[in-house]
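One letter stands for each residue in the lines below.
Number of protein chains: 2
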Amino acid sequence: MAAWMNEYGDVAAHPSQDVDLDALAAAAADLRSRLRDNYPFHHPRYAAQMLKPPHPAAVIGYVTAMLVNPNNHALDGGPATAALEKDVVAQLAAMFGFPEAPRHLGHLTSSGTIANLEALFVARETHPGKAIAHSADAHYTHARMAHLLGIESVAVPSTADGTMDLDALEALLGAGRVGTVVATAGSTGLGAVDPVHEILAIARRHGVRVHVDAAYGGFFRLIADDRPDGIAAAPFLAISDCDSVVIDPHKHGLQPYGCGAVIFRDPGVAQHYLHDSPYTYFTSDDLHLGEISIECSRAGAAAAALWLTLRLLPLTPDGLGAVLRPGRRAALDWARRIEESDELRLFQPPQLDIVTYLPARDRLSEVDAVSAAVMAAGMARPPADSLFLATYGVDAAALAARGHPVEADVPTGRILRSVLMKPESEAAVPWLHEQLLGLL
Amino acid sequence: MAAWMNEYGDVAAHPSQDVDLDALAAAAADLRSRLRDNYPFHHPRYAAQMLKPPHPAAVIGYVTAMLVNPNNHALDGGPATAALEKDVVAQLAAMFGFPEAPRHLGHLTSSGTIANLEALFVARETHPGKAIAHSADAHYTHARMAHLLGIESVAVPSTADGTMDLDALEALLGAGRVGTVVATAGSTGLGAVDPVHEILAIARRHGVRVHVDAAYGGFFRLIADDRPDGIAAAPFLAISDCDSVVIDPHKHGLQPYGCGAVIFRDPGVAQHYLHDSPYTYFTSDDLHLGEISIECSRAGAAAAALWLTLRLLPLTPDGLGAVLRPGRRAALDWARRIEESDELRLFQPPQLDIVTYLPARDRLSEVDAVSAAVMAAGMARPPADSLFLATYGVDAAALAARGHPVEADVPTGRILRSVLMKPESEAAVPWLHEQLLGLL
Chain A
471 MAAWMNEYGD
481 VAAHPSQDVD
491 LDALAAAAAD
501 LRSRLRDNYP
511 FHHPRYAAQM
521 LKPPHPAAVI
531 GYVTAMLVNP
541 NNHALDGGPA
551 TAALEKDVVA
561 QLAAMFGFPE
571 APRHLGHLTS
581 SGTIANLEAL
591 FVARETHPGK
601 AIAHSADAHY
611 THARMAHLLG
621 IESVAVPSTA
631 DGTMDLDALE
641 ALLGAGRVGT
651 VVATAGSTGL
661 GAVDPVHEIL
671 AIARRHGVRV
681 HVDAAYGGFF
691 RLIADDRPDG
701 IAAAPFLAIS
711 DCDSVVIDPH
721 KHGLQPYGCG
731 AVIFRDPGVA
741 QHYLHDSPYT
751 YFTSDDLHLG
761 EISIECSRAG
771 AAAAALWLTL
781 RLLPLTPDGL
791 GAVLRPGRRA
801 ALDWARRIEE
811 SDELRLFQPP
821 QLDIVTYLPA
831 RDRLSEVDAV
841 SAAVMAAGMA
851 RPPADSLFLA
861 TYGVDAAALA
871 ARGHPVEADV
881 PTGRILRSVL
891 MKPESEAAVP
901 WLHEQLLGLL
Chain B
471 MAAWMNEYGD
481 VAAHPSQDVD
491 LDALAAAAAD
501 LRSRLRDNYP
511 FHHPRYAAQM
521 LKPPHPAAVI
531 GYVTAMLVNP
541 NNHALDGGPA
551 TAALEKDVVA
561 QLAAMFGFPE
571 APRHLGHLTS
581 SGTIANLEAL
591 FVARETHPGK
601 AIAHSADAHY
611 THARMAHLLG
621 IESVAVPSTA
631 DGTMDLDALE
641 ALLGAGRVGT
651 VVATAGSTGL
661 GAVDPVHEIL
671 AIARRHGVRV
681 HVDAAYGGFF
691 RLIADDRPDG
701 IAAAPFLAIS
711 DCDSVVIDPH
721 KHGLQPYGCG
731 AVIFRDPGVA
741 QHYLHDSPYT
751 YFTSDDLHLG
761 EISIECSRAG
771 AAAAALWLTL
781 RLLPLTPDGL
791 GAVLRPGRRA
801 ALDWARRIEE
811 SDELRLFQPP
821 QLDIVTYLPA
831 RDRLSEVDAV
841 SAAVMAAGMA
851 RPPADSLFLA
861 TYGVDAAALA
871 ARGHPVEADV
881 PTGRILRSVL
891 MKPESEAAVP
901 WLHEQLLGLL
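For the record, the sequence lines run as chains A and B.
Take 471 as the starting number for the first sequence in the numbering used here and just add one per residue.
Take 471 as the starting number for the second sequence in the numbering used here and just add one per residue.
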């Protein structure tokens, strides 16, 4: 970019922004030192929350654009990165089987929360006065954003595999107060995938809108092929007929935070966003992304990072799909080892790449105490010997429903949970399992 | 960070994420080529919208943390960057004169829009059923976010300097339906600063909450000293007694997008955010920032970038304040030159670093046509000879109120507008003005 910048002629940097280079080096060293108080998201030892570093291509794309600092709000602020954003959103829409632009409407957001907020906002505007239904295992943001929007939200009970109970949904929609169902594909806790195809059929019978929260699971569309190391196809294939979908490239899309996306099947929902501003949108009559987004300033760098990444790892089974498959195999392999062990129980079979498991104990208080102790002990080890796991809160009823009867001597307790979203996790499963057993 | 990463032991990268280095180089070159379709935000030739590149310290801080990719939602995702976020928010709160933590509550957001949404959400929760008032010149996000929140919003007329009309406010608050007033310091269009101190006095008499949208102008607090190259002190000093304030470090804080912030004077508003999640917030009982934020995943890198920048350019008149003062002087100097010219008229005196001006013409249609032509002609020149200006929509009444009688032969028209937020603008004003005259 330096050559491009220089075309505009030299400019003497103003001294007010000068900093002492030794002071900068010292402060940067201090920052690096402070960042050591972190978890090794990059390493297979980290088998805890849904975190991993971005792909180098994403870093290169992000930094290249960040040096210019375009704002994708208006074409006046970022014509080049707005074009890149339209390109990557079209790729995401195509992955879900949506018709080509302009027969869909979508944009990037800074997070899945904001993407879901926009989807629920459009749901409210298209079905005014009606409630939002989501499963009890859906991300808590739905209830929270519904509250923000002044919409009633209803939690549909979950089945024993953590997905929406269809009989309960049918009964709820029959009562007529719900305007939109949120299907989760898959849940951020358990990686459970709601039966989107069946939810869609029920919703359509009742004239109800369907939004799919695929913030976590969306990229699994690339390996939704019913193969042994793939995942169930039907729920993901049905997304193409739903009204809106949210996906977070900063989860399985190899991007740094914040990069979410929302896509609507009907481009006509743009009417709910329309507004005008006295000082933007002037350089062009083309679509300014700020006209179809509730956020204003947004980093063009996020679009550049995703665009460059998808150039190298396209949204195909052999491209980005090949990055997801090892994590899926890792989850299946670890689940099998856990099932075969005496010391551990598999909470439920993994549907994506998240494994949940618990120490074999008779009382919930013991399950909780041992889980917490194992998590703490793994993290307390020296780095080269460490193991990082996460926990997940359950009650005895949720355990019993999955065939793990425990005495409910406390209302809730923690079990263990591992998100295996790094392809490196696959090779690590044998020692992940062995180290886990050693910590029990 | 590589040394820290290596402490956890070698890990063979999975081949699915490998990319051909020649293909990466070619794609990155293509990205750089596409980014040439941009505006030279870095150069004083760019005297248009509020855009400029981040400070190198911000880039270093952002990239360093991005390589780890922490998530400031929960301490489980980013303990180090959450600590940095608490540190920088404390610095911002101190700049506004708020009491020390824990006697305020605040966090970073991905944008000013979300920061303002949170402030209005808390306003709704604390004053249920009441409307939001803002000036007619306030950012359009307030009316939009009020609609999102299901709150009535009322635009208070602006005076001839683009600030809130206090008599109109007094009358409105007397009617009793408003629960919160948004004071703008300063407006993103004109850089006009509402009289926060007077608004606060009126609001307090009526038991009304005061939120200050200082997304654009907040850092001017550092030079709010009534000096010739500073700005009026009273509105900014009064922020310390208001209920909440929003500031965007990605505007005058030298940060890349997206970095906003919201700060509440009463830490008790945390109750409106509270929620629980079955799988986060486990590693610590300390405050997880996701517990007091409506966003979930958020880039820890944004906090690291701001922290490193403020280490080198602290929130003092001699630190970051010295970066703002040249832009202020540039605006005053250019305004004087425009006033002394025959071909141009100054729309209104600049209160911050934004200058608005128009070609001397008798009819609004001519003002509009010449303004648009000047903007287009400046951008059409070769880079080394270019000039980038922005436009701003007005009507004849707004012009007449400021002493520029024009014939209202069209309902609205464009005038010219320049945000001089780069310190390099100061040295450039003579040729900015000369080139502008050459384009008329």
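Keep in mind that the hints were calculated from the coordinates and are not lab data.
The reader is advised that the hints may include incorrect statements.
[What the hints assert, rightly or not] Distance ranges between label pairs, derived from CB positions:
id	chain 1	residue 1	chain 2	residue 2	range
1	B	Gly-738	A	Ala-571	54 to 60 angstroms
2	B	Gly-738	A	Arg-806	48 to 54 angstroms
3	A	Arg-851	B	Asp-736	41 to 47 angstroms
4	A	Trp-901	B	Pro-787	52 to 58 angstroms
5	B	His-617	A	Ala-839	32 to 38 angstroms
Since the model is a prediction, treat every value here as computed from it, not as a measurement.
For each residue, glycine too, the CB sits at the ideal point set by N, CA and C.
Checking each numbered hint in turn, tell me which of them this model violates, lowest number first.
Per hint list: 1 and 5 violated.
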